[in-house]
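Trainee: With chain A held as given, fit chain B onto it using these hints.
Chains A and B, in that order, give the protein sequences. Its first residue numbered 0, the first sequence is counted upward by one per residue in numbering that gives the first Met the number 0. Its first residue numbered 0, the second sequence is counted upward by one per residue in numbering that gives the first Met the number 0.
There could be a bad hint or two in this list.
[To be verified] Here are the simulated SDA-like cross-link-like pairs (lysine to any residue), alpha carbons at most 20 Å apart as the crow flies:
no., chain 1, residue 1, chain 2, residue 2
1, B, 126, A, 92
2, B, 134, A, 96
3, A, 92, B, 87
4, B, 73, B, 87
No lab work stands behind these hints: they were computed from the structure.
Residues per chain, in single letters:
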Amino acid sequence: MRSSYAIFKRELYVYFSSPIAYVVVTIFLLLSGYFFYSAFAYFSMISMQAMRMPGVGGINVTEMVLHPTFGNMSVIMLLMMPLLTMRLFAEEKKAGTLELMLSYPVRETELLFGKFAACMVVFFVMLFLTWLYPFLLWLYAKPDIGPIVTGYLGLFLMGAAFIALGLMVSSLTENQIVAAAISFGAILMFWLIGWSEAFAGPALGKVLSHLSLLGHFESFSKGVIDTRDIIYYINFNILFLFVTMRSLESKRWRG
Amino acid sequence: MIEVDCLTKYFGSVPAVVDVSFRVEKGEIVGFLGPNGAGKTTTIRMLNGFFPPTSGSARINGFDVFDRSIDVRKRLGYLPEHIPLYKEMRTEAYLRFVAEVKGVPAGQRQREVDRVIEQCGLRSVRKKFLGKLSKGFQQRVGVAQAILNDPDVLILDEPTIGLDPKQIIQIRELIKSFAGYKTVFLSSHILPEVSMICQRVVIINEGRIVAEDTPEGLTGKDKTKVALEIKAPRAETLARLRAVPGVAAVSAEARPGDHTGRYVVEMEQGKDVRDAIVQSIVGAGWSLLEMHTLRLSLEDIFIRLVTEEQGKE
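Chain A with its partners taken away, still in its complex shape:
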């Protein structure tokens, strides 16, 4: 695992010595900040009106601000994560550095986990910097802490799933644009697959809705921790990391 750590450090160095991490994180924060601001401003406007009209109830900060903010953050992640993962293998394949790397005593798993961990750190930093939104909310509106924690847990698991999928796609091509386009398409497909539930028949519909990345996120953003959702995301990660490993190893036996 020593090589994994070396690879992890190198990948982090590349993310933070080039503009990649800064640009992606900044755009993410700008957009999510704007969405948070809109939701919060709308909420405060509704609250003001409600104060003047006694009898209007059911205004809830979790539902009106947190829930849409988490939802929007997940959409921005959908757009941004392929940009973080696209280079991980494609760049090295194109430059030929992967050939040299695999002539060192490094196992494919070590290489994979080094890269996965580095990308997770960038993602974690990105997510961590949004702490300001719940903090501001907490200053003025005293929301429940529970849904905030579960919302972040959900985003974290979903982001990990995006990274696993993106890594797999990146290991299949040497073109970074192709990697980004396919990752984006595949994530969006998994995101929306639940939509066909309504007309796919009861048995298939249930399967499709269970496959949906979005469906499993819903309960997190409402403050519910369902083990089914956690297991779904973990399985998603394991599956795609496993396929990535196989795709890397296949170089050694494929004629």
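Mentor: What follows is chain B alone, placed relative to chain A:
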């Protein structure tokens, strides 16, 4: 030690390497020679486990390169043909990274990096970005990463390509210094270079091995030629030279308006008649201005081997 048995590689239906077998003993430096596209890089890539052979097998230090890849790679230093480097890293940081990946213990890492920086003459570019280095320095960084962690077996694909003459000499000296305790297998299409560094040469053409011998053994099979410069009338000189026993052929180089003539004498195989030639010239009262042996370059040998091979088919 490198043992290669009947290695064959097809890309689709196109044969790249066919039935290649050779051995490199421990401590030996062997050159792998062939024109571009002969299958050198393909063979080398199979040796480092980059892709598997279609058939046949290869072992490095007794480990099969396919089944025991990790054991092979632990003791292997590899320099690819176009050295792929992480352009955004600095020389020293890159070498530290390679040392860590190769499993050099943390306590020895800096010392090991300093050693290869010294050996490859990289001190002046320690802190420079790899992408900004000249081709020669990049190549030397490539050699440096290959010899990190002191591997027993070195596989070098065109190690001196893109270097200036002074750097070539440095790298050659470095490779020569491994003789006796490292197993070195290096490919090249520059033939004199191989004869300078290597104890043995394997020649490959169109995916097949056409010869395997010492550089001397390869050159010894050909007739020796001597170039002469003599101050004398041409026709008489030619006749006199042809009369010397052991001379197979004489050719003259015309140089109008000049009394000195240049001649190339080809001797019969295994005979040295230089002494007799000198006696004959001096005996006639002429002046022998210059005499030197023309060494057959490996280019000549290569062309001969390849044409022989084609003749057989």
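Trainee: Could you run down the list of hints and mark each one as holding or not?
Mentor: Checked hints:
1. As the CA atoms of residue 126/B and residue 92/A are separated by approximately 26 Å, the hinted pair breaks the 20 Å bound.
2. As the CA atoms of residue 134/B and residue 96/A are separated by approximately 16 Å, the hinted pair is consistent with the 20 Å bound.
3. At roughly 16 Å between alpha-carbon atoms, residue 92/A and residue 87/B fall within 20 Å of each other, so this suggested pair holds.
4. The straight-line distance between the Cα atoms of residue 73/B and residue 87/B is roughly 26 Å, outside the 20 Å bound, and the hint therefore fails.
Hints 1 and 4 from the list above are not met by this structure, while the remaining hints are.
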